[in-house]
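Chains as they are written, first to last, in this note's numbering: chain A, 1 to 615; chain B, 1 to 356.
All clues stand as given, with none of them false.
Computed from the model, here is a short list of chain A residues facing chain B with C-beta under 7 Å:
| no. | residue |
| --- | --- |
| 1 | Ala-292 |
| 2 | Leu-325 |
| 3 | Ile-415 |
| 4 | Gly-458 |
Counterexamples of contact, computed for chain A against chain B with all Cβ distances above 10 Å:
| no. | residue |
| --- | --- |
| 5 | Thr-57 |
| 6 | Arg-389 |
| 7 | Asp-423 |
| 8 | Asp-436 |
Hints in this document: simulated from the structure, not taken from any laboratory.
Idealized CB from N, CA, C, for every residue including glycine.
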Amino acid sequence: MTKQVQQLDRVIIRFAGDSGDGMQLTGDRFTAETAQFGNDLSTLPNFPAEIRAPAGTLPGVSSFQLHFADHDILTPGDAPNVLVAMNPAALKANLADLPRRADIIANIDEFTKRNLVKVGYAGNPIEDDSLAEWRLHAVPLTSLTVRALEGFDISKKDAERAKNMFALGLLSWLYSRPTEGTIAFLEAKFARKPEIAKANIAAFQAGWNYGETTESFSTSYEIKPATLRPGTYRNISGNQALAYGLIAASVQARLPLFLGSYPITPASDILHELSRHKHFGIRTFQAEDEIAGVAAALGAAFGGSLGVTTTSGPGVALKAETVGLAVTTELPLIVVDVQRAGPSTGMPTKTEQTDLLMAMFGRNGESPVPVFAPATPSDCFTMAVEAARIAVKYRTPVMLLSDGYLANGSEPWRIPEIDELPDISVRFTTAPNGDDGTMYLPYLRDPATLARPWAVPGTPGLEHRIGGIEKADGSGNISYDPNNHDRMVRLRQAKIDGIDVPPLEVDDPDGDARVLVLGWGSTYGPIAAAVRRVRKDGGKVAQAHLRHLNPLPANTCEVLRSYDKVLLPEINLGQLAMLLRARFLVDVITYNQVRGLPFKAAELAAVIQDVIDSD
Amino acid sequence: MTDTTNGSLNGKGLALIPRAEGKQTLKDFKSDQEVRWCPGCGDYAILAAVQSFLPELGLKRENIVFVSGIGCSSRFPYYLNTYGFHSIHGRAPAIATGLAASRPDLSVWVITGDGDALSIGGNHLIHALRRNVNLNILLFNNRIYGLTKGQYSPTSEVGKITKSTPMGSLDKPFNPISLALGAEAGFVARTIDSDRKHLQSVLRQAAAHRGTSLVEIYQNCNIFNDGAFDTLKDPATRDEITIRLEHGQPIVFGTGDNEQAVRLSPYGGVEVVRRSEASDDQILVHDAHNPDPSPAFALSRLDEPAFQHVPIGVFRSIDRPSYDHLLNEQVRAATADKGAGSLADLLHGGDTWQIN
Ligand SMILES: Cc1ncc(C[n+]2csc(CCOP(=O)(O)OP(=O)(O)O)c2C)c(N)n1
Ligand code: SF4
Ligand SMILES: [Mg+2]
Chain A
1 MTKQVQQLDR VIIRFAGDSG DGMQLTGDRF TAETAQFGND LSTLPNFPAE
51 IRAPAGTLPG VSSFQLHFAD HDILTPGDAP NVLVAMNPAA LKANLADLPR
101 RADIIANIDE FTKRNLVKVG YAGNPIEDDS LAEWRLHAVP LTSLTVRALE
151 GFDISKKDAE RAKNMFALGL LSWLYSRPTE GTIAFLEAKF ARKPEIAKAN
201 IAAFQAGWNY GETTESFSTS YEIKPATLRP GTYRNISGNQ ALAYGLIAAS
251 VQARLPLFLG SYPITPASDI LHELSRHKHF GIRTFQAEDE IAGVAAALGA
301 AFGGSLGVTT TSGPGVALKA ETVGLAVTTE LPLIVVDVQR AGPSTGMPTK
351 TEQTDLLMAM FGRNGESPVP VFAPATPSDC FTMAVEAARI AVKYRTPVML
401 LSDGYLANGS EPWRIPEIDE LPDISVRFTT APNGDDGTMY LPYLRDPATL
451 ARPWAVPGTP GLEHRIGGIE KADGSGNISY DPNNHDRMVR LRQAKIDGID
501 VPPLEVDDPD GDARVLVLGW GSTYGPIAAA VRRVRKDGGK VAQAHLRHLN
551 PLPANTCEVL RSYDKVLLPE INLGQLAMLL RARFLVDVIT YNQVRGLPFK
601 AAELAAVIQD VIDSD
Chain B
1 MTDTTNGSLN GKGLALIPRA EGKQTLKDFK SDQEVRWCPG CGDYAILAAV
51 QSFLPELGLK RENIVFVSGI GCSSRFPYYL NTYGFHSIHG RAPAIATGLA
101 ASRPDLSVWV ITGDGDALSI GGNHLIHALR RNVNLNILLF NNRIYGLTKG
151 QYSPTSEVGK ITKSTPMGSL DKPFNPISLA LGAEAGFVAR TIDSDRKHLQ
201 SVLRQAAAHR GTSLVEIYQN CNIFNDGAFD TLKDPATRDE ITIRLEHGQP
251 IVFGTGDNEQ AVRLSPYGGV EVVRRSEASD DQILVHDAHN PDPSPAFALS
301 RLDEPAFQHV PIGVFRSIDR PSYDHLLNEQ VRAATADKGA GSLADLLHGG
351 DTWQIN
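Chain B with its partners taken away, still in its complex shape:
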């Protein structure tokens, strides 16, 4: 019989990956390559956060692989002293799928941008999410095409003025969290480049998750889309906008008179109300483990319209069997059933005859 559960691997995304012997430091994960992003780019902060986070995982460095597509963000692997594969535009999830499915002893990370993941690579992304190979996908969302010098992207707001849309962009953007939830993702989170503590706590949970995890990271492109997330960073506005999701906690945010809460809306979905208007038992308690993705989806819609309220944190984290585990289990079961393959037996199978 094929074991079709994750078994003891639930919540242990790293269980099969060999652990480092000594203590590691940030330095172990820095490569000798000169970092070439524009000064002030949000990618620097994410790189620093990842470099200082990786030692915490305690994995053998040689068993970590970063796979990326194409874009400014996709240069990321060059700056980490792990194995790395800087591939082609949009295809990193597919390349990483082959690698992770054939090598369960590796911790595989995908670095991708909003254009890379959601435009040219949209198909691979949604299939990676539903398939649930043990991967961590970090989607650097700067809501612009950085590397090609500033065209609008599939996450740019409608009306975006760019070189390719001088009269404003026309098409509705994707909400990456809604998309991922719709694509059957088991782990979906959002964080932001400027909040290292939050970023690292999300990465920690993503790494621990067995299966595909998608982490959207808001990343400032100070050259082509500067300030896209300023309202989430400015002390004057951020607390009224940012909703920090914590599993098991009532969803409240803002301070003082501006304290607000999220409750189920009588029209379906969820709504933001003044804290004072909601009784305690009306306030939605965040359940990232809810098998039903609908509440998480409803939360993902709160940023409509125009970034009024933006939840960050882990929207969804559920256990379901990972593809690589199931695939390797089929290989194991077939071998247990038929014995390790014999080439001579294979070639002589079927009807044969002898000529002397």
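If we strip away everything but chain A, and leave its shape as in the complex, we get:
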């Protein structure tokens, strides 16, 4: 049978199965093949907080969505064109997201009476006509895999386990993906178990061959490589990019990195990643709690390290007092908050932008800190370097707000040349700075930046004491003088207000839009995709995105005031909106969702269109 090959410009695939089915791995491999092939892509893993929820149940469903295209794309996609459902739970949990005519590849071996009942199906959707709206491909993935592996010296369980590789092979055929990478990956992954490696490779190839021969699939697809900016690329997740950014910052600052951290979803992978790179002189310290994590980082900063602590919202709440100590002792410190749905434990694996006001104000006293937020997974690299640049230049703790969506999502990243990275090296103070030439004044500020000197222990003649009690301007001695306190509060604020952040750029192609969509942090992709849709339909809309939230770019007010309407979508109940209204008296129009999920571009496009059309 000759099969047709059809050209597509983009596809969204969702792999869904039980937590134990290896869907994240399958998605990762498909992503790697797609990246190798040269498509632009964006991914969104979605997994339960439970490590192994009961098999076959709805809470146990784990999925991985991948959007890839022959042009540059901005989000993992709203709705999948293809759903791979490894069991009835995966089908049931994901069907609502599936548009009509989308393909469903279902593993019918798992659609047993027992499994169907477990998730509340009365009948078998594969057999009744309840899936008539979709293009159903019923494939016995498990039994085909087991049969393909009959000759191998492995247990039945191991053979069944390889069904995800069969599925991967089938999808790889369907979308004409290169296969060498996956074969090499499996060889390396199971290097110590060659029989398992061979079996998985055989399952993968059997899946490919099945696609080629079965009548269930009459067409395969091609998606041409995207034309991206020339350079060397790799695929990278937000957490990995953030970890690499911190390493780059340490190299560029010429300061050893000290990470104090306590495990918490979705931030732990940064701790894991940094722990693997000790040969960069990195010291990672898994503390007894979040307070000790940040406290140790601050202690290391006092000693001249680049002090970093990584956590999520509940951890930031615990760290507040120590961050305040860093504010008043004016030591560089990077506090990474990979935000997740709250309050309290909330939904640990789901995303949210709800820690902005905590980052801004969640400390006692007037306690200003810079707050930055990366816009995309790969931007986590850039913004980690930026956070370090500001921390060391201004001697201040910096809050870096990533979130679950950025942390686990991935995209191709053009690897920067080392000489494109900023030189953020610091000079420690090594000589007395007092008028008399012998005194050291730890709070004598640089007139340009208002930063205080940083003299580290081990420097002779500069022995000094710092601490949380209010300090006299200049000498740093304990002071309860009312006027001094008033001055110090204002100086600390002025220092943060004066931080050099780049101006807010506006994307307004024709320059005649009357509506501006503003966003911050991880909403960049969905907002930009929505803006594209609106423009494609002839709508006029400008877009601007904040990565520096404190201080705000100097031109922020001017930008906001130059549009009739400003629409501000946030994954919270309007936290940035509150700040902007208070600062600039600009009544931004809010659009808020807190569903633990990123915005969908189509939804946002409709909201933007409404704002354009209204009045």
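Since chain A is already given, all that's left is putting chain B with the ligands on it; use the hints.
For chain B with the ligands alone, coordinates are given in the frame of chain A:
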């Protein structure tokens, strides 16, 4: 291979810290700040003892750091002309951990109070002790909250009448020595503000110890808990109460007819008996280096009930690898194994592709 022993550093807590060239004096360690404790406070005596002890270490002054929490005692660093960090309530051990782990060339001292170390900072204290970073923790135990004006503390005796417990406190106190031994501490000692010689000899041993050392210092708060340790100071009672532990020596105390000895109890633990009732070979010989902490723990229980007998001195001093040493050894081993990190190699690691 990572070297997982302390190697040649055993017993040399100061080996990696640069030594001063000239001779130092007490004056070198006094800061220009006015000391602000209440007149008569035990903290003065401890400060004087430390200031006159530091020159003896012969370390570069700039390589000494005092980190403290919050409390009267935690003001200590301001009065020493070394590097100092007066931090927040309870967190000094954690801050000092980051500093000492990243800077093996520093001699790091933690100053803390009974509330600071055992209440709000209890978690950091026990983890510092088990982790064994090269730190010296001096716990000023006045059995009261001084700075907040006299509430009972986690070392106050049951029934303590204070502003917050007008009908008497209800909860059983910690015994800091027992707690530290239970937390896997490698060096545990107790001393008292009024006995400068003893205090300094304990500090000397603590400094020499590589790893975390905990020194409990009984400190009189003459404003809110005056006389808490009087029975240990009053010549009429002190010799019958104080048990001076010396490594390798039989544990005997008291004088004349009141001479007493410590021996193993048939019920487990140790007991105090009249010297005349114990044969020489029954008397416990103090072994601070015993790998088994049980005898030291048993000794720490002798103050029950109500300070009847109070051992002072070094309860335990054993060598085990310090965390900072092991951590830096991992950094060294990784660098030896993979070469010093190259950022370009790191960023280009994994699957990459080229777009022209
Ligand atoms: C987070 C926090 N909670 C409470 C306090 C108030 N506070 C300051 S010192 C102290 C207790 C001090 O007692 P202790 O540690 O025994 O020190 P002392 O004053 O007796 O030397 C308390 C409760 C504080 N400074 N910070
Ligand atoms: S309150 Fe007590 S501990 Fe505090 S300074 Fe006064 S006497 Fe010393
Ligand atoms: Mg106290």
